[in-house]
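**Q** Protein chains in written order, with my numbering: chain A, 1 to 135; chain B, 1001 to 1206.
If you are wondering where the hints come from, they were derived from the structure by calculation, not from laboratory data.
Glycine included, each C-beta is placed from N, C-alpha and C at the ideal position.
Certain hints may be false.
[Claimed, not checked] Pair ranges (Cβ atoms, derived): (1) B:D1094 / A:E19: 25 to 31 Å; (2) B:A1078 / A:A69: 55 to 61 Å; (3) A:C63 / B:L1105: 31 to 37 Å; (4) A:A60 / B:N1071: 26 to 32 Å; (5) A:V74 / B:D1094: 43 to 49 Å.
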Amino acid sequence: MNENSPTTLEQRSRDLFDESVGNVNMRVRSRLNQARHAALEAAVRPRARFFDMPYAAPAAGVCAAALLAVVVWVGVPHGEKPMIASESQTSFEDLDIVAAAEESSGDTLEMLQDDADFYAWAAEKNANPDGNDVG
Amino acid sequence: MQCFATLPDAQLTWDVPIRTPGESVLDQTRELEKFLADIERRAFRMAQIALRNEDDALDVVQDAMLKLVRNYAAKPAAEWRPLFYRILENGIRDLQRRRSVRGRLMAWMPGPKEDPDGDAQDPMDSVADDSPDAPQLLMQAQAMEQLEKSLRALPARQREAFMLRNFEGMDVAETAAAMGCSQGSVKTHYSRAVHTLREDLGEVWS
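All chains, please: the whole structure from these sequences, using the hints.
**A** Rendered as structure tokens:
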């Protein structure tokens, strides 16, 4: 029989392949095991609904923003002039004030602590207007 | 009310266990698990031969498992194997196509080029093996390497036909279902693959 006949080739290649399957390393075996369990869990679990999908949240956000823009645009009464830069600037100024207040909020707290004695005295005075000053 | 001609008829009817839908789903899951456990390493090796990358092969097999379970779990168990290999081969082909596009793009980009073999040299490869069967193992490893090289050199359809028919022991009809072609095409692809492999491996394996 010819050494290189298809039967020999097929048999030898099959044996080699089977042996290589048996020599698959532990890391790969573990990964395959995990993959199998993940797939089977997917079979038991119902398919993800739209809002469970990873891209659904950003898409919903974009839709909500677009809807809000439309509502604001349509909500502006006809004939009313749109907000111009000088008017909108006041909003930014307001924001600056708020930001400044937040930045200095630490100082404000310190001031309140300094005047704690004064407020205690004022409260006592209020409760007892005829009382004599102590100290 | 149900009437029975004879007492044994009644007993036979009542002895049949009533299966709840939950039990049948559990049975099917067990059957699927067994099928996947039996096939996963062989599928991984086939993907690895085609892709020559362990992680890519794992990804393709995982994807095939997921798609089979999600889309075809309700099919008869006898159909799972060709379906699984069809999904696997599609995944391999998609990945090879993406690699080819990426390779063309990378050729235009400046900077270091990827290793054409797709994997770096492992320092452990150069460590001597002291086990008594080392020469035998080395010969087998070399033969397998040669076989893989020759299989990768085959056209994709011939490689698929050879691996499904020879490694997986599928018959022509099953292979045709897995490859999505006629039985005649399977025979042609297989015969050409064997002819080419004999020419390639003849000197090494004789």
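**Q** All the hints need checking, so say for each whether the structure fits it.
**A** The hints, checked one at a time:
The hint said 25 to 31 Å for the Cβ distance between D1094 of chain B and E19 of chain A, and at roughly 29 Å that hint holds. Distance hint check: the CB atoms of A1078 of chain B and A69 of chain A are about 56 Å apart, consistent with the given range 55 to 61 Å. Under the hint 31 to 37 Å, the C-beta atoms of C63 of chain A and L1105 of chain B, about 34 Å apart, fit the expected range. Restraint check, A60 of chain A to N1071 of chain B: a C-beta distance of roughly 27 Å satisfies the suggested window 26 to 32 Å.
A beta carbon spacing of about 46 Å between V74 of chain A and D1094 of chain B agrees with the range 43 to 49 Å that was offered as a hint.
The structure is consistent with each of the numbered hints, conforming to all of them.
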